[in-house]
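Whenever a hint applies, use it, and build me the whole structure from the sequences.
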Amino acid sequence: MQHSYETAYGKSIDSPEQFWADAAENLHWYTKWNRVLDDTNPPFYRWFAGGKTNTCYNALDRHVDEGRGNDTAIIYDSPVTGVKERFTFREFRDKVALFAGALQSRGVRKGDRVIIYMPMIPEAVIAMLACARIGAIHSVVFGGFAPHELAVRIDDCKPKVIISASCGIEKDKVIDYKRLLDFAIELAHFKPEMCIIRQREKFRAPLNEDRDLTWKQALLGAEPVPCIPVESSDPLYILYTSGTTGKPKGVVRDNGGHMVALKWSMKHVYNVKPGETYWAASDIGWVVGHSYIVYGPLLNGNATIIFEGKPVGTPDPGVFWRIISEYNVSVFFTAPTAFRAIKKEDPKGSYIEKYDLSGLRSLFLAGERADPDTVQWAEEKLNVPVIDHWWQTETGWAIAANCMGIEPGKIKYGSASKAVPGYNVKVINQSKEELPAGQMGDIVIRNPLPPGTMLTLWNADNHFIDSYMSKYPGYYLTSDAGYIDEDGYLFIMSRTDDIINVAGHRLSTGAIEAELCAHPDVAESAVIGAADELKGEVPVGFLVLKSGVDTPHSQIIKHVIEFVRENIGPVASFKQAVIVDRLPKTRSGKILRGTMRKIANSEEYTMPATIDDPVILDEIKEALQLIGYAN
1 MQHSYETAYG KSIDSPEQFW ADAAENLHWY TKWNRVLDDT NPPFYRWFAG GKTNTCYNAL
61 DRHVDEGRGN DTAIIYDSPV TGVKERFTFR EFRDKVALFA GALQSRGVRK GDRVIIYMPM
121 IPEAVIAMLA CARIGAIHSV VFGGFAPHEL AVRIDDCKPK VIISASCGIE KDKVIDYKRL
181 LDFAIELAHF KPEMCIIRQR EKFRAPLNED RDLTWKQALL GAEPVPCIPV ESSDPLYILY
241 TSGTTGKPKG VVRDNGGHMV ALKWSMKHVY NVKPGETYWA ASDIGWVVGH SYIVYGPLLN
301 GNATIIFEGK PVGTPDPGVF WRIISEYNVS VFFTAPTAFR AIKKEDPKGS YIEKYDLSGL
361 RSLFLAGERA DPDTVQWAEE KLNVPVIDHW WQTETGWAIA ANCMGIEPGK IKYGSASKAV
421 PGYNVKVINQ SKEELPAGQM GDIVIRNPLP PGTMLTLWNA DNHFIDSYMS KYPGYYLTSD
481 AGYIDEDGYL FIMSRTDDII NVAGHRLSTG AIEAELCAHP DVAESAVIGA ADELKGEVPV
541 GFLVLKSGVD TPHSQIIKHV IEFVRENIGP VASFKQAVIV DRLPKTRSGK ILRGTMRKIA
601 NSEEYTMPAT IDDPVILDEI KEALQLIGYA N
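Position 307 of the sequence shown, counted from 1, bears residue number 307 in UniProt numbering, the numbering being contiguous throughout.
Treat each hint with caution, since some may be false.
In silico DMTMM-like pairs for lysine to aspartate or glutamate, Cα to Cα no more than 20 Å straight-line [as the list claims (entries may be wrong)]:
#1 K160 x D172
#2 K412 x D485
#3 K575 x E562
#4 K52 x D65
#5 K160 x E193
#6 K52 x D112
With beta-carbon atoms standing in for the labels, derived distance ranges [said to hold, decoys possible]:
#7 K348 x K273: 30 to 36 Å
#8 R204 x M607: 26 to 32 Å
#9 G50 x G313: 46 to 52 Å
#10 M607 x G50: 44 to 50 Å
#11 E433 x L219: 56 to 62 Å
#12 N328 x A437: 40 to 46 Å
#13 L435 x P206: 58 to 64 Å
#14 K432 x E66: 45 to 51 Å
#15 K432 x G67: 49 to 55 Å
#16 D613 x D210: 32 to 38 Å
These are computed hints drawn from the structure, not numbers from a lab. Idealized CB from N, CA, C, for every residue including glycine.
Structural data, given as structure tokens:
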């Protein structure tokens, strides 16, 4: 462990090659790298150039070879089906090796792409690691994703094989994945050679005899295969960013830098020891699922949980606490929106009292800004440090966090804490000038980015440069806005396009939302900028109330308007808010503020591909019409 955060961070910025070479020594390499950082072709940086390794070997086989084969690797808990399973590192390695052999026997080779379109079941993780084992590049697409969007991804990455399941199972419905997949393949110009379908008990899908195999059929006659050495810079996976429209943005992750960064983060960011149980309540369709359900925990030798359920309704708002108690989870990671859903259903936290959570050391939140009210509620109810940290699909792991395994710092509500070692974070203005402490601007990261971050976009190097590297040469553009305070704490206030310009004053949606959520009856909120002839834009608030609230709605709205006026000032011109039953979100929990803004301004919009429930947009439109918008 580093002596202090300042020491670790300073070394990572001043001597990055030595810093990351030290971290890489803790993993297995078939061939050692000849250069820690190849910076000859910026912004296309390569870590551990010349090194050969295998991510699957480091995640599974290494632990077996080091005598930990009987330790738990995977816990599967599915409240929607009632199934629970455990797998040791040896058991899971054997399943992965056999399925890798099945893929290899059907022509899948190093560099081939494989799309995985599955629910949260063990076979989804087996498929990911099997691809890594033989050097194939997996691209996980969130199970149940719309056929058109799946077709776009099929055409972009051209998979040889698609691995799916007959269905996904939610609280009160079965989703026919196979029908969605067939339609997507019909829409796509590129056709995969084969689909492998895991038939589930709840629903067995009809198969295309010329193209489809069941999971069991695929394994018939297969032999387990060893790991194939790959170059450090060879792609491990392609992950398409949520909300993609038009030209897809397939983030490409490497093998070597990725595994070094994630293993380092498990100890230094999350403070998890090998053998402990770590749980990220997410989905493998998102980057959190890749990094912290699958790769990070397994690389570090932790038990990790595959959870097929929701924070509420499967069966109640106590399911998270049951999982933490039953499997003795040490560190828990989820999205703020999950906690807001729990807080809405169980504002007093009465379900928490039913379970023994004494093994839980810390809670990490990410996915969107954690409002102070939610953080404080979680702190009070769980009695553990609650850490908001910030990262992106493109970075693959935390840009800013309170690094619990180095030197835990104080928690500042509304802040994602300080930059994680390896990330040289700056706040600049449109003139590319670095801004003083406390002043809001564009958040950028000086190149080169640390290991584990994106290499490029799949088959789209120019798109990569245009999207991330061209606005501020020498920096990666995060597209987030915020400020760094005098103590070096980073405050992410909103996406750059969520900044509201009210009569020339740049205001953050996040700052206004924090005031709305401070009201004791408000479970969560969203703020958008609506067009205004006089001021350019004015903020409009949306409030979701906690369960059981009987305060008159007009009184709640009056109070939150007063909060904003008192704490942000009259300059915010915040005069309108509406109460809604729910907010439109992506399946990963991000609020679709941009779409809400277009509805308010009566602009055309495209239905977001990742929206959880499209019906909510009609409800938002009706609420806006009541206050004079969306006409």
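Practice task
Please flag the earlier hints that this structure goes against, numbers listed from lowest up.
Solution key: 1
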